[in-house]
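Could you build all of it, start to finish, from the sequences and the hints given here?
Residue numbers (this note's numbering), protein chains in the order written: chain A, 1 to 118; chain B, 1001 to 1143.
Treat the hints with care, since some could be wrong.
To be verified - Which residues of chain B face chain A? A few of them, derived with a C-beta cut under 10 Å, are:
id: 1; residue: Leu1026
id: 2; residue: Leu1061
id: 3; residue: Ile1097
id: 4; residue: Leu1099
id: 5; residue: Asp1103
id: 6; residue: Ala1106
id: 7; residue: Thr1124
Claimed, not checked - If you want the ones that stay clear, here's a sample from chain A, every Cβ over 12 Å from chain B, calculated:
id: 8; residue: Thr47
id: 9; residue: Glu49
id: 10; residue: Arg77
id: 11; residue: Ala87
id: 12; residue: Ala95
id: 13; residue: Gln97
id: 14; residue: Ile98
id: 15; residue: Ala109
id: 16; residue: Ala112
No lab work stands behind these hints: they were computed from the structure. Backbone N, C-alpha and C define an ideal beta-carbon position, used for all residues, glycine too.
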Amino acid sequence: MSAQIFTLDGRHGGTVFERDFEASLGREAALGFVTLFQAQLAERFQTAEPESLQADAHKVAGAAGLLGLDALGEAARVLEEACEARAGVARAFEALQIEVERAQARLAAWTARLAAAA
Amino acid sequence: MSGKAPILVADDDPLVRELILTRLRLAGFDVHGARDGREAVERARALRPQAVVLDINMPELDGFGVLAALQELRLTPATPVLVLTARHAAEDVRKAIKLGAKDFLAKPFTQEQLMARVGRLLRTPIAPPPPRPQAPQPETVEI
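The following block contains the structure:
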């Protein structure tokens, strides 16, 4: 988890990863990528069917790390492997759902901060 | 990097594809994207890229099919190919290398890991893009 940045008046300023991401791509492009991933994540994992879960997990594992969502990427990788092995799918899916919720909250805060700064 | 052949990035996930393209573009490379394997082969045939970043799991034609086509086109081994795979997919890696891939990167990966691998592929370190103008920030404390 990237270190948190707080402004001196106590407001949350994002994480070091977020700031680096924005600096490397520009704020407008960063907002576009974060918004795109939010939309993708909202559409994933709609069914508990293993083939569908495996495909969604593969996609999320590929993209999450690029946005600094390492725990989500790792949970997706574990689910992908569980689906492949047809073992431990339910437990891996539960763990992933927790990480999806955390990621959605973080992405919402990130987009709100980016939009406010625009 | 002007005057050099472009880099082709083939991934069906628009976020992954566009993020890689953007980072490479900011590093000064001429870049082109492909949304599936068939488009990747067509673009490789037309562009004769200096390097290819290739996802394995793609619709229409998967990464292995693309690698086979690149061999038929005699683009590999001269054109280095970095394949993006699922982690622990050792069999996929072996198959990709056999089909002419030069290197692989397992998902999930970070931007920095990806840029380091692409730099190694091109034998050219890819520097981080120059700082971009940002709106003034309030004073911050890192915790």
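Do the hints match the structure? See the list:
1. Leu1026: 7 Å, holds
2. Leu1061: Hint violated; B:Leu1061 Cβ to chain A Cβ min 17 Å, cut 10 Å.
3. Ile1097: 20 Å, violated
4. Leu1099: Status violated, d = 20 Å.
5. Asp1103: Because about 17 Å separates B:Asp1103 from the closest Cβ in chain A, which is outside the 10 Å limit, the hint is violated.
6. Ala1106: 9 Å, holds
7. Thr1124: 18 Å, violated
8. Thr47: Answer for A:Thr47: holds, closest chain B Cβ roughly 19 Å.
9. Glu49: A:Glu49 is indeed farther than 12 Å from all Cβ atoms of chain B, at 18 Å.
10. Arg77: Incorrect as stated: the minimum Cβ-Cβ distance to chain B is 6 Å, not above 12 Å.
11. Ala87: Its Cβ never comes within 12 Å of chain B, the nearest being 14 Å, so this holds.
12. Ala95: 15 Å, holds
13. Gln97: 18 Å, holds
14. Ile98: 17 Å, holds
15. Ala109: 15 Å, holds
16. Ala112: 15 Å, holds
This entry does not satisfy hints 2, 3, 4, 5, 7, 10, going by the numbered hints stated previously.
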